[in-house]
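Sequence lines, in order, name chains A, B and C.
Residues 1 to 298, numbered by the working numbering, are exactly what the first sequence covers, in order.
Residues 1 to 312, numbered by the working numbering, are exactly what the second sequence covers, in order.
Residues 1 to 448, numbered by the working numbering, are exactly what the third sequence covers, in order.
Just so you know, not all the hints are guaranteed correct.
[To be verified] In silico DSSO-like links for lysine-lysine, alpha-carbon gap of 27 angstroms or less:
(1) C:Lys106 with B:Lys67
(2) C:Lys66 with C:Lys118
(3) C:Lys80 with A:Lys154
(4) C:Lys66 with C:Lys157
(5) C:Lys371 with C:Lys398
(6) C:Lys157 with B:Lys67
(7) A:Lys154 with C:Lys66
(8) B:Lys67 with C:Lys80
(9) C:Lys371 with A:Lys154
(10) B:Lys215 with A:Lys154
Bear in mind the hints are in silico, worked out from the structure with no lab data behind them.
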Amino acid sequence: MASVASVAPSATSESAAGPRTAPSPRRGLRLTGYYLVLLIIVIVFITPYLFSLFAAFKPLGDILTQSPARPPTNPTWANFKEIFTQYDFARYLGNTLMVTVILTAGQVIFSMMGAYAFARMEFPGRDALFWVYLATLMVPNVVTLVPMYVMFAKAGLLNTYWAIFLPYTLGVPQAVFLMRQYFMTIPKEVMEAARLDGCSESRILWRIVVPISRPIIITATLLAFVFGWNNFLWPLIVTNSNSLNVLSVGTANLNSNFANQWNLVLAASLVALIPMVILFAVFQKHIVRSISLTGINR
Amino acid sequence: MSVAAVTANVGKHRSSAAMPAADRRRIRTAFAFLAPSLVGVGLFLVIPVVLVIILSLTQWNLLTPIKWVGFSNYVNIFRFDGFGHSLLVTAYYVLLNIPAQTVIALGMALLLNNRLPGSAFVRIVAVLPFLATPVAMSVVWTWFFDPTNGIVNQMLAHVGITGPAWLSDSATAMPIVAFANIWQYVGYNMLFFLAGLQAIPPSLYEAASIDGAGKVAQFRRVTLPLLRPALLFVLVTGVIGSFQVFDTVYVLTAGGPGNATNVANLNIYNTAFQGFRIGEASAMSVILFLVILIVTVLQFTYFNRRTTYEIA
Amino acid sequence: MSARILARAAAAVTALVTLSGCAGWGFSTGGAAGTVTLTYALWDPHEQIGYQQSIDEFEKIHPNIKVDIENVPYNSYEQKITAEFITGGAPDLFWVNTPWLGTFVKDGILTNIAPLIKANHIDMSQYYPQLVALHSRNGAIYGLPKDWDTIALYYNKDYFKKIGLQVPSDLSWSADGTGSFVSFLKRATTDTSGHNALSPQFNPGKVATYALGVYNDPQSGWGNYVAELGGKIIPYPYAPFTSMNTSAFQQGMSFLTGTLTNDHVIVPGAETGPNANGNNLLTLFTQGKVAMWEAGDWNTTTVKSTVSFPVGVAMLPIGPGGRVSVFNGLIDGLNSHTPHPKQAWELEQWLGSARSQAILGRGGYVWPAIKNLDPLFQQYWQKQGIDMSAFLTEAQGKVVNFPVSSGMGAALTQIANDLGPAWLGSASVSSALRQASNDANYALKTGN
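The task is simple: from the sequences and hints, build the whole structure.
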């Protein structure tokens, strides 16, 4: 298993590992070509965000007549006001925040507990049970949709908030696996010493393991939060009343009912997209580091 | 209690079936720690897999009594629900999406794997889309590709080309869906390749160039083989994800025009939650599961047949 | 730091949970003591105005019952109500159209109100008997009939004045393409140079106005012609299979997609909309590109508010089996799991009563199901300048009920999809009928 410190891809730092090019008269031309390509890449990845940001602040007339590349001439909050009040997006935002936070908290905490048990606790059947967890990683989401719907229907939990977050809140194999790999790199002696000192297992977990596992916990939290925020199909099938909609479902409904009112529809998209952009900006180092922590270079 | 005391007690009490209290307590704690995720996995992963197989043998709409119909659903989903077409269309999507995405991600990783000013910024910009809510982003794409109001056709008009109705034309609809997915995940996949590239010791390249290998040969003989773990990961996760595509299709095309983008997951959704035909939808899910399983196993076999290199 | 974040997150979540209300967590809220609020679902925004007026009267008579009208778009209506029923939150009363009537009956979503009708001595003979039969099964009745529809031909009065043609009321056709109907249609089709289809100089490539717009629909389109040949989509109500592979169907469809299309007197299938579904016909009618639009009477409000010319209504032509129109009507289904069965029945009773139906008839919203209230609706539209007697005469003549069976909605979708190619000219009528038959049989089999 790859150790933590080994491979940190340096998307943020500037270390290079590729072969160096020697200075040559053609270097200037190649450099210009390189930066041209870079510019194209930036344009491709930024313009969807930028243009929809512009459009969300324009009235519909401006969107239809002006070029999308033009910043709003008279930026207005009217579109956001309309979707927040008339189309209930304030409620959808609240719903999404609530279920995502609950889902994330549960998923991280319970997966962490399970990961710790697999990594550093001894009990009969540990390896066999871990293989079962690994096997379930192979189960694609789509397979569980219909049976889970039936289960929730018979339990009378359809069209409730419970249904939206419960399947993901008790700990998921991906998170358990992720954190177990990390915990396995913590030397056993640390735990043994603590046990000898009389610490209970949960004290060991919370007071010793968690503080030194901050990177992986942040990674797991991010992954869970992003998953919960962006989840669409399950909330779509499990909720009926509009008052339970999460942002993804609300945006899709608005789009199917008012497809040509770009001002509203793009403003709605932005409400879902902007928090993720902010999240990315704040946690970008961790996101990048998460690649190494998944240990793909085993 | 000291370690020695614990082990001494274990030996003493072995004749009776009881274990020492400390061990029992530790095992209880272990299962207490495991309990939530165990319930989660059992209830929401293991039981559904068993249940979906059982349901696939029924005809049921959740309201009337269950009817057992054996394997007839597996025949009917191909005869009457167009599931065969859905599988083909999904496979088409995977073929459009994954090779292009992998090549572009690798290309971007190679391109941006340097210390030139600005490269770090571009690397970050390329990763940003991976967090985007697919539904929200698809709305933006619907606008971008709108035949009259979209920027794409407007730009084409500037150079005198009349752009097609991208999402209403069966030739371009699926490529647009693939484009949306490539745009969203290519940066994230690029990170895996970057990590793989940076794990290759420069000494290998030096040794290769000393042996007279040019850039291309170095790429083929040093870079590619050592990127195999990253490649495998990107391909396997990409294929598994692509076979289950839903959000983008639902918003961009809703399966249209006609049935051109009626991918498997969308068909399952419509059959189960619009038509309330639980048995048929379950049969579709089982078939899709098998398809994904087979493709994944094939990928693993292909990659394991090649020898792996040890970096001394 | 993490403790602070956790505390803040916990506080935020608690706030959101309290704000989210009880309903989303599965706890039902009690209403004000004594008052019961019922939910009533429908889809037509025009008729909703009339129903609101009727509900206002109802609330005056029953001060302890409040009714919330919920508009559910037609395209997803059946699925939405079904899904809501599964989750236990379906409306107390909801419109039921015949395509899904059979499915709702079989799934147990509707209450059998026959015992309530008996206990309240409701006189069922006041309604059209075909409507009562449509909504009954084996002695059970699933709703009080409240409206009816037939199909006729809206026509452009200005256009017919311009070409100097009167629209007769007794046109006839036969499967071989002869009869006064076809020659009338030819006379009513004009090309851009003003020649009609009877003239040798008629240019079929440059038609300015088609005589007739008829399309791929079992109620408003081919259904009437097939019925006039004695054909039936299903052999009997609640049949688990179709009876479409008959000569009546073959001849009826060929008359439309073959004879009339080849004579260039009807709008080509592809131009009426995707799969010849007729979506474009209102626009074409408004633009004067089609002289007569075969449609149901529920379109009258839309026609009146869209077109700029005076509109007349002519009866369907007479076929080999006489003049037959497809006949349909809605009921208000009573949710079998409603938490307020007594109050829901009060509303059902009210909406089936003469007082409520008079409000709707008088305002021109729908033909009331109570026979002797029909003149109210007719008089309203007379004042608006449209003579609706054609629809009424047909209703009092020979009609055939809209087919009812479990799984009918899905079957009809399949039939429309499979017959489309025959209208577009890309498949023969016999192969299209065979495909439609197979797929519809499967839909009915799995529905039953």
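Okay, the hints, checked on the actual structure:
no., hint, result
1, C:Lys106 with B:Lys67, "holds (14 angstroms)"
2, C:Lys66 with C:Lys118, "holds (26 angstroms)"
3, C:Lys80 with A:Lys154, "holds (18 angstroms)"
4, C:Lys66 with C:Lys157, "violated (45 angstroms)"
5, C:Lys371 with C:Lys398, "holds (15 angstroms)"
6, C:Lys157 with B:Lys67, "violated (56 angstroms)"
7, A:Lys154 with C:Lys66, "violated (31 angstroms)"
8, B:Lys67 with C:Lys80, "holds (24 angstroms)"
9, C:Lys371 with A:Lys154, "violated (45 angstroms)"
10, B:Lys215 with A:Lys154, "violated (63 angstroms)"
When held up to the earlier numbered hints, the structure conflicts with 4, 6, 7, 9 and 10 and fits the remainder.
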